[in-house]
Every structure is written in C-alpha cells, then in structure tokens.
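Chain A is fixed; fit chain B onto it per the hints.
For the protein sequence lines, the chains are A and B, in the order given. FYI, our numbering numbers position 98 of the first sequence as 98, with every residue one higher than the one before it. So the mapping is simple: our numbering equals the position in the second sequence, first residue as 1, plus 550.
Hints are supplied without guarantee of correctness; some may be wrong.
Straight line, CA to CA, 25 Å or less: simulated DSS-like cross-link-like pairs of lysine-lysine [to be verified]: (1) A:K78 / B:K709; (2) A:K516 / A:K528; (3) A:K294 / A:K284; (4) A:K301 / A:K272; (5) A:K372 / A:K341; (6) B:K709 / A:K272; (7) A:K361 / A:K372; (8) B:K657 / A:K272; (9) A:K247 / B:K770; (10) A:K549 / A:K372; (11) A:K85 / B:K770; (12) B:K657 / A:K515.
To be clear, the hints were calculated from the coordinates, so they are not data collected in a lab.
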Amino acid sequence: MLASRFWYVFLGLLVGVATFLLFLATSMYNRAGARAMGEALSSDSQVVNWYLSNDARQRSGQLIQFGIDGDIGRSLAKSNDNDQKVPDEAREKALAALKKVNAGIPADQAFDAVFLVDQGGRVVAHLGYEQASGNDDFELGGYPVVADALRGYIRDDTLVLDRIYRVVARPVEADTSQMPAGAIVGARILDDRFARELSSRTGAAIAFYTAGARVSSGAPETFNSAQLDQIVSDFSSLEGDEEYQAKGRSKVRTIAGMVGVQYSKLPGEAWKLGAGYAVAREPKAVAGPFGFFKAADDQDKANANVALAVAIALGAALIGIGFSLLEHTRPIHNFRLEVQKLAKGETDQLQPSRFRGAFRKIASDLNDGVDKILARGGGPRRGPADLQEVLGDLPAEPQMSAFSFPGENLPAAVSGGSGPHTAPLSTPKSLPTAPTNPRLPKPPAGRSATANLDSTMEAQPDVPSSGTPAVGNWSGGVPELAEWRAVYADFVALKQQCGENTDGFTYEKFETTLKKSRDKLMSGHGAKRVKFSVYVKEGKAALKATPLKD
Amino acid sequence: MRGRLEGFRLLRNPVWAEAKDSSNHGFSFREPVPTVRAEFRRPFPHIPKELCVAVLAAAPQAAPKPVLVRVGGGRTTPVTIVVPPGTRLTFQNTDPFKHRLYGVDIKTFLPAEQGQGAAREWTPSAPGVYEIRDEAAPSLRMWVIAEPNVASITYPSLKGEFSINVEQPGEYTVQAYFAGKKVGDAVPVKVDAADVDIRGAIRVMDQKTADAEEKASDEKAAKAPKAQDSK
Numbered sequence: 001m002l003a004s005r006f007w008y009v010f011l012g013l014l015v016g017v018a019t020f021l022l023f024l025a026t027s028m029y030n031r032a033g034a035r036a037m038g039e040a041l042s043s044d045s046q047v048v049n050w051y052l053s054n055d056a057r058q059r060s061g062q063l064i065q066f067g068i069d070g071d072i073g074r075s076l077a078k079s080n081d082n083d084q085k086v087p088d089e090a091r092e093k094a095l096a097a098l099k100k101v102n103a104g105i106p107a108d109q110a111f112d113a114v115f116l117v118d119q120g121g122r123v124v125a126h127l128g129y130e131q132a133s134g135n136d137d138f139e140l141g142g143y144p145v146v147a148d149a150l151r152g153y154i155r156d157d158t159l160v161l162d163r164i165y166r167v168v169a170r171p172v173e174a175d176t177s178q179m180p181a182g183a184i185v186g187a188r189i190l191d192d193r194f195a196r197e198l199s200s201r202t203g204a205a206i207a208f209y210t211a212g213a214r215v216s217s218g219a220p221e222t223f224n225s226a227q228l229d230q231i232v233s234d235f236s237s238l239e240g241d242e243e244y245q246a247k248g249r250s251k252v253r254t255i256a257g258m259v260g261v262q263y264s265k266l267p268g269e270a271w272k273l274g275a276g277y278a279v280a281r282e283p284k285a286v287a288g289p290f291g292f293f294k295a296a297d298d299q300d301k302a303n304a305n306v307a308l309a310v311a312i313a314l315g316a317a318l319i320g321i322g323f324s325l326l327e328h329t330r331p332i333h334n335f336r337l338e339v340q341k342l343a344k345g346e347t348d349q350l351q352p353s354r355f356r357g358a359f360r361k362i363a364s365d366l367n368d369g370v371d372k373i374l375a376r377g378g379g380p381r382r383g384p385a386d387l388q389e390v391l392g393d394l395p396a397e398p399q400m401s402a403f404s405f406p407g408e409n410l411p412a413a414v415s416g417g418s419g420p421h422t423a424p425l426s427t428p429k430s431l432p433t434a435p436t437n438p439r440l441p442k443p444p445a446g447r448s449a450t451a452n453l454d455s456t457m458e459a460q461p462d463v464p465s466s467g468t469p470a471v472g473n474w475s476g477g478v479p480e481l482a483e484w485r486a487v488y489a490d491f492v493a494l495k496q497q498c499g500e501n502t503d504g505f506t507y508e509k510f511e512t513t514l515k516k517s518r519d520k521l522m523s524g525h526g527a528k529r530v531k532f533s534v535y536v537k538e539g540k541a542a543l544k545a546t547p548l549k550d
Numbered sequence: 551m552r553g554r555l556e557g558f559r560l561l562r563n564p565v566w567a568e569a570k571d572s573s574n575h576g577f578s579f580r581e582p583v584p585t586v587r588a589e590f591r592r593p594f595p596h597i598p599k600e601l602c603v604a605v606l607a608a609a610p611q612a613a614p615k616p617v618l619v620r621v622g623g624g625r626t627t628p629v630t631i632v633v634p635p636g637t638r639l640t641f642q643n644t645d646p647f648k649h650r651l652y653g654v655d656i657k658t659f660l661p662a663e664q665g666q667g668a669a670r671e672w673t674p675s676a677p678g679v680y681e682i683r684d685e686a687a688p689s690l691r692m693w694v695i696a697e698p699n700v701a702s703i704t705y706p707s708l709k710g711e712f713s714i715n716v717e718q719p720g721e722y723t724v725q726a727y728f729a730g731k732k733v734g735d736a737v738p739v740k741v742d743a744a745d746v747d748i749r750g751a752i753r754v755m756d757q758k759t760a761d762a763e764e765k766a767s768d769e770k771a772a773k774a775p776k777a778q779d780s781k
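The shape of chain A in the complex, shown without the other chains (with noise of 0.2 Å):
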C-alpha cells in the first residue's frame, strides 16, 4: 500500500502545483496582457500623431496647385486693393478657380474644405463651409495659422469651430517681391469618416473629443465600439492627470476594467481648447485559470500538446491503477483463495507466510482466533446444522417400500429456490403446490395454500403469524410431530422438484430420521429444540436441522 499511498500523495501535490501554476500564469498572463495593451495604447497614439501629422503634410502639398493657380492669384490682388469691401467680382472668380482646381485632387488627399483669404484675413471665397454662405464679414485672419501662412509659412492647426477642424495652410504668391497676396487655407473635419479612415490605417481604436463629449470615433471590426462611450464617464477624472496637463499624453487608462484609453490632447488651438483624441484597446485577461478555455483561439489550442496532456494522464492513471492491482486487488484475491482452501478444509490454517503487508497480520490472527477455539475444544456452531454432517448422507432412495400420508391438511407443496426451504406465508406467488405424484399427501380439495399453512399453525401455535419459515421447532409432543408432517410434505415436494424419486419414501422412516437427528443435536449441543427445514443442496432436496437454545 506504500507506493498506492505514495502515489496519491505525489497526485496530490501535483494537482495541488498544478492548480497554483494556473494561478500564477493567470496574474502573470493578465499582467502581461495589461502590459502590453499599455504598450500597445502608447504606440497607438504615436502612430496616430504621426498619421495626423503626415496627413498634413501632404495635404498642405495639394494646397500649391491652389497658389500657382492664375485666377486665385488676380482675385485676392483685387480683393487687397479694396480695403473696404472684397469685390464681388474678387469673389466670383477665386470660388470658380476653387471648385477647378478642387476638382483635380485625389479624393483621398481631399478637403472637406477651402478657404482662400486675403492680406487682410478676409475669406474671399470658400468651399464646403456653408455656415459661412452669405456672411461678407466672414473672415479667419486671426487665427495663428492664417496669419503664418500669409507671412510666409506652411503649418497645420487643429481648430475647434462648430466641429474640429484639422488645417493645413500656405501663402499664395502673386509677386516674390511682395508679402504674399494671400493664403489658401484646407480644412478635413474630425468626424466619423476621418475616424474610421484613421483606423482603418493605423488598426486603432480611436475617438476625437471635446468639451468633455465624444465628437466621433472609428474602430477596427474586432474593437466592440460601444467601448470607446465610456471614455465621456472619464472626462472628468481626466483633468487631474498630471501627465495629459503637462505633456498632452495621459497615462495608460482601464476605464471599468473593460477598455484600456490612452488620451491625448490635439496640437494647434485645440490644445489649449482640451480636445484631443483617445486610441482604446480591450484588455488582455482572464477571470481565472478557466478562463483560459475562453481566450484560446484555434491556433492556441493547436499549439497545445494534447498528446502530451493525454499520454501523462493516462500514464499517471496507469501507474495507480498497477499500485491498485498491486497492493490491493492482487493481496485480497490471494487471501481469498487461501480462506477458501481453508473453509473446505484443505489447508488446516493459513500460511502468513503468503501474504503480506495488514494481510499478513489478519491470517496470524486468524490462526490465532482458531487454535484458541481448537484449545477450548471448540465453540457452538451458529448457524444451522447441515443435516447430512450431522446425520451422514440421507438416503435417496426411501427404504420402507410403502407408507401412507396421515391427513389432508398438511402443506404439500414447496417452491423453487436453492437456499434453505421455506413456506411463505404472506406471499402467494410463492405458496407451496401440491405435489404431483398422487400417492403424496395433498392439501384439502377447495382449499388455498394460505388455507393450510393456517391449519398447520393451529396445531403449532409457536409458529410465528407471519414471514417466518414453516419450520419444525418443537422439542417434542404432538405439535412436533405435526409439523414434521409439514416438513415432510415439503421435503417431499422438494423431492419431486428436482426429480428425484419420493417412491417408497415414507413418513415413518422420515420421522425416526428426525427423532434420531433432533436427540443428537440436542444433547450434543445443549439445545431445547431443533428447527428443520428443507433446502435444495447441489439439486437435491436437503434437510438441515438448527439446534436452538431459547
């Protein structure tokens, strides 16, 4: 039993590791995850930041087919001569010359609008702003962005208007020997479009915001959208990080442990204005070491070794089933077969010798038990007698070639079964029949089985009333005598059951066999009367005979 008991302690313990490794690669794969989103986040913004910056920079480039274009060069020299009014005239032909060259830049270096603007800041025309139609006074020259472009420089700008505008603007050139005659400004709007254009290019999950509310979003297919809502619930924490304040870049945010944010504040005026964008990412993490079975994909679980997994479960249930056989199946089928030679008396005790281990010590004790019982000449026996050991063998055969049955109302049918005969009383379907053999005594003609037991136990009122065998228990007198009757019909029918030959088997003969059996077992026992009851033994009818005390 040691390796069996060894084995399951080394079970143990290897499910008890194997439990604490699942915990431990579960908070070192969630830590891990955590990591990388943040880094992942971080690299998300950068890639956005550059995206919007490069985006920029080459829309500013489709700006200079706008400045070389003759027509807009003469309307905003016409327009800085008026410095009350921009002529009509002025206007006309700059939007004509807008829509032109408009026409010609490919779609994905597009504008979603133009506004060209004089010396003085004026909007001499635009196109797709049309907050602004009609509005003469309409003018952008204050913004640091016009106004460096109409001083010579190319720069973007992020303005938060009615919407967020990113902007890239340029001076537009009539004369190199003069302050530029005006700037051509371009604007994309930072709506859902530009949103998922954006992610579709960087793979990021991102949103534009300002004034504390989402303005719009765009997210990879895989990126459950809804997510990036939860970043207005955040807004307001979002003032206090220090990090965004200072460098415009916040910390790596988990907002309700469903999205990991990283905000980041725009450059230009939106800066100062606190617009900015946030790229999200969905955590990397398990609930628990279950969890695992959830967040494998395909791939992983190919990578597993199922083989391996398989082959060291079925090796470990190999291993104990063997201790099992070893230490347990094997012993006690050994022990068993020596106790068997021992209660058919081949062997005169068991050989301790032969076992080992507790089965060992329980065949010394064994000896022990027997030969103390041996020292005290042996103990009563406490089950029934067999009949055939105390008597010898009854004979088959009946040895009186005739006799007849004293009465009518003796049972005088048994039923089938291989323990030791009894009588039901309370259970018809196995009542006694009636033998067939017509020179055997016969139950009452018009009478139930039920019917004669009940006779029988008027004459023997020591008879239990009910689910006890019909057992002779007398010690002697009448009563004895007729249940003996009993006994005997039942011993007949039994008989006949099993097909042996009841000719000539006589009560007479049944009764002296009784008598002699019941004086021995009396006196040798010490009991006051003896029950007898009819088994089959090997397919034979039996007789066993139960000395009693009480």
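Chain B alone, transformed into the frame defined by chain A:
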C-alpha cells in the same frame, strides 16, 4: 489730421508670436516657404485692426456713441481700442459658431455664450487697460484702453497712413497704441480750422528693440524642442 506710421512691421503680434513657439503645441509642423522674403516672415500685426492711433486732448472727454466690436475670424475688430471711460462697447459675433468672451480679471465681464449674430455689451467704467479674451478661441485677445482724454481714434492702412478728424481746435497729442500698450512717441499737434499734416512719420518700433525681442523669442523657441525631446 493726417499722418504716417513707421516701424509697424517690427511690432510683434503677441498671439502669433506666442503661437510660433513650439513649446505651446500650436502646430505639428511649421515651415517657411523659401520664395517668401525673410522680411515678411515676422509676426507683424495687421495694423488696420491692431494699431490704434488716438488723439488725446488736454482735458477729459465725454463718452462717444456706442462702439461696435466685431468678433470673428479668430480675433476682434478692432483688436486694440482707446475710448473714454463710460464708452459702451457692443460685441457682435460674426462667426457661424459660438463664442464665450470674458474680461481678464474683470468682474463685470464674465464668460457668457454668444451665438451667431448675437451681441453683448460692456462698458469700461474707469481708466485703465482691459483685456478681453474668448474661452472658445484662445487666439482671440483684445485690449481696451480707457483713457479719459481721448478725443478721437483711427486705424492706419496697411501702408501705415492714417487720417483722423478732430472736431474741436486745440492742443492735442497723437499717440499710437498696440496690444494694450503705447508704442512710439506721443506727437503734439495743434489743430486749427485747417487740415493738419503731422510732420514726419511716427515710429512705433525701432529696429534695435525689435531685434532684441526677436532674438529673445527665437532663443526661447530654440529651447522648446529640446525640452520636448527630453520628454
């Protein structure tokens, strides 16, 4: 009264000068166009809106009619104004979106939302310099100089020429104001019945001072990228 200003291109619009400092995160790129001459690449002001020429009388003047100030395009028009205390100023939003003007440290001019075309009024009650800003547009800064003796104001053309009408003859002083401050020397002028031409140009900024300011600004801007890199 007619006159001419000089050196105005040496002035620096404080908003634009501040915006070109990369440490203020006003842009992700800002590059000069090589074909534009260097002399134009300074953040000089748009003087028709920003440089106010005031004629100051010897005695306090009565408040004139309400003055309209247009709010749009990232600034106000005018940007600098000189008025006697008690002059009512009407700020009208000409942009197609909202503004939230407020006076810096002015309790009587708190932030309030102004929709498209909406107007609000404010009156400087005492002499002094007042700055107006906009919570919705950081580039918008306006200066109101409440000067009791101001008799009349005007704004020059892009070339620096100006003309101003003074109704009452007398001894006056012509003073230019920019970004809430006096610039250039005060020029005394005696007004009679006829037009008066101010002799010589009024120099509002000299080269030496401008260069010093420019140098200081450039040095500050040069340090900014290093500071950003170190982040």
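Violated hints - listed by number, lowest first:
Violated: hints 4, 6, 11 and 12.
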